[in-house]
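A.B. asks: Residue strings, one per chain:
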Amino acid sequence: MKMKIKRWQAVAVWKWDLPDEDDVCGICRNVFDGCCPDCKSPGDDCPLIWGQCSHVFHMHCLLKWLEQESSRGQCPMDRRPFVAASA
Amino acid sequence: MLNIMSLKKKKAEEGAQAGGSGGKKKASSSQLRLQKDMDKLPSTLKLTFPDANDLHNFRLTIRPDEGFYKGGTFEFTFTVGTGYPHDAPKVKCSQKIYHPNIDLEGNVCLNILREDWKPVLNIHSVLVGLQYLFLEPNADDPLNKEAAEALRQNRKNFESNVYRSMRGGNVGSTTYDNVLGK
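Top to bottom, those sequences are chains W and X. Going by the UniProt record's numbering, the first residue of the first sequence is number 1, and it counts up by one from there. Going by the UniProt record's numbering, the first residue of the second sequence is number 1, and it counts up by one from there.
So here's chain X without its partners, still in its complex pose (with noise of 0.2 Å):
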């Protein structure tokens, strides 16, 4: 019993040292939450942690394996907020890419990290939304008019824009990323 009063004590000095030093902080809801979220990931996806110690901030990979822009390697950055998982994680994409859902700022188009965002959510969800447009890109929602545009009017020369972007060509007057590397 005495031991244990001890350890407490002890456990409390380190506790009030840490609060005072800034160590070591206290978990809190929103990083309890996003380490339950960060499950085994398709090998699609992948995620990189700038600084391991926070987990509120990290990079997506997305090489998808079929569809228009299979070959490409897209980056994306998440900021997520210590309102989650109350409010979306902001994401957006660190290339110039050509995509109707995509604005050339790198603004993502996806429903449930706007006005579809609900708590029961999680980091999975959004990757696998993220998935879903480069495998179906969605002309009826769009955020590079252009390219929604030639998605609509014309599949096969919507398809060879994307080819042509992919490789850091132009469509139209923009010139895009060249996401093949790596």
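Pulled out of the complex, with its shape left as it was, chain W reads as follows (with noise of 0.2 Å):
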């Protein structure tokens, strides 16, 4: 028998290398593989961001609560002050 591919749909999936894919991000409680609730759809829209304590948010979620003067620069996991961990 012969076949004869015509048209073919490729379909991949994504997640972020995460110790836990079932981790919820500590300020919106939504799943990090979910995206923070004022965006529509998880992944490059609504990134991640790794702290140097190794605190994980997702990147608005955090990003809001660092715009709040009473956040003093602190994660919100260990009142450290945040740094963004380089890739």
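These are computed hints drawn from the structure, not numbers from a lab. One should not assume that every hint holds.
[Stated by the list, open to error] Derived EDC-like pairs (lysine to aspartate or glutamate); straight-line CA-CA distance at most 20 Å:
id: 1; chain 1: X; residue 1: Lys-156; chain 2: X; residue 2: Glu-136
id: 2; chain 1: X; residue 1: Lys-36; chain 2: W; residue 2: Asp-33
id: 3; chain 1: X; residue 1: Lys-92; chain 2: X; residue 2: Asp-177
id: 4; chain 1: X; residue 1: Lys-90; chain 2: W; residue 2: Glu-69
id: 5; chain 1: X; residue 1: Lys-36; chain 2: W; residue 2: Asp-23
id: 6; chain 1: X; residue 1: Lys-36; chain 2: W; residue 2: Glu-21
id: 7; chain 1: X; residue 1: Lys-96; chain 2: X; residue 2: Glu-149
id: 8; chain 1: X; residue 1: Lys-92; chain 2: X; residue 2: Glu-136
id: 9; chain 1: X; residue 1: Lys-36; chain 2: W; residue 2: Asp-22
id: 10; chain 1: X; residue 1: Lys-36; chain 2: W; residue 2: Asp-38
id: 11; chain 1: X; residue 1: Lys-26; chain 2: W; residue 2: Asp-38
id: 12; chain 1: X; residue 1: Lys-145; chain 2: X; residue 2: Asp-87
id: 13; chain 1: X; residue 1: Lys-90; chain 2: X; residue 2: Asp-116
Since each chain sits alone in its own frame, please combine them into the complex, following the hints.
C.D. replies: Structure below.
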């Protein structure tokens, strides 16, 4: 039997590289593989941010927090100054 | 396929209608987060929602089962802004009570409601924090200075002041609310 492929569609899945894929963002409590409450779709539009302290958040959630004066620039988990880890 | 498309269209129409009449509003991020926060509570804490559709305003009843304030029923109102969880919820005691960390207007001095709030905390953390204030009133951070002074000087004396205040009695020149009923 000879087959000829006329058309094909590639399907791919992706997920963030996290130790626990069911983990949630500490700020919005949505899963990391989902997006922050202000976004519609996960992925590059709603990226994650890793701190040098090893804590991870949706970038939008964390930036919203850091914009506030009361945050004093600290990581919401450990209250150390939040410094983004260089990828 | 056709079916799905027509469903989608119907939904969009409904959405447009709701948006126009202001009926079903889209859940805000603070609302979504609040829904995730309301998990199981210990029997000493109870939440009531005057408006079931409004998760942002509710009341808390604390019935401490040990400590100075055992036997009392203490009521608080919670107002959660749309900035939650980036902003702390606003909490007030709706009774006039004798407590070192709660003033006569009902303002509460609890670190996580003020300078130590952070968005990874939740309503549960605040509830537990409030409950802790009734188990271990803190004389070092007072809003009611007389009560704090009494606690620091003589715990027995403070205890009898609390006992009197909870029955609607006077401590000093102030008459407190009876919190034993119900």
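A.B. asks: All hints are to be evaluated individually against the structure, with a verdict given for each.
C.D. replies: Right, here's what the structure says about each hint:
Of the supplied pair hints, the one linking Lys-156/X and Glu-136/X holds, its CA atoms being roughly 14 Å apart against a limit of 20 Å. Between Lys-36/X and Asp-33/W the CA atoms are separated by roughly 17 Å; this keeps the pair inside 20 Å, and the hint holds. With a CA separation close to 15 Å, the supplied pair Lys-92/X and Asp-177/X stays within the 20 Å bound. A threshold of 20 Å between alpha carbons decides the hint, and for Lys-90/X with Glu-69/W the separation of about 18 Å falls inside it, so the pair holds.
Under the criterion of a C-alpha separation no larger than 20 Å, the hint pairing Lys-36/X with Asp-23/W is consistent with the structure, at around 14 Å. Of the pairs offered as hints, the one joining Lys-36/X and Glu-21/W holds, with about 19 Å between alpha carbons and a cut-off of 20 Å not exceeded. Only pairs whose Cα atoms come within 20 Å are accepted, and Lys-96/X paired with Glu-149/X is accepted, the gap being roughly 18 Å. A threshold of 20 Å between alpha carbons decides the hint, and for Lys-92/X with Glu-136/X the separation of about 19 Å falls inside it, so the pair holds.
This hinted pair checks out: Lys-36/X and Asp-22/W have alpha carbons roughly 15 Å apart, not beyond 20 Å. Restraint check for Lys-36/X and Asp-38/W: the C-alpha separation of about 16 Å stays at or below 20 Å, so the hint holds. Simply put, Lys-26/X and Asp-38/W have alpha-carbon atoms about 12 Å apart, close enough for the 20 Å limit, and the pair holds. A hinted pair counts as satisfied when its Cα atoms are at most 20 Å apart, and Lys-145/X with Asp-87/X does not qualify at roughly 28 Å.
Taking the CA atoms of Lys-90/X and Asp-116/X, the gap is about 14 Å. The hint holds against a cut of 20 Å.
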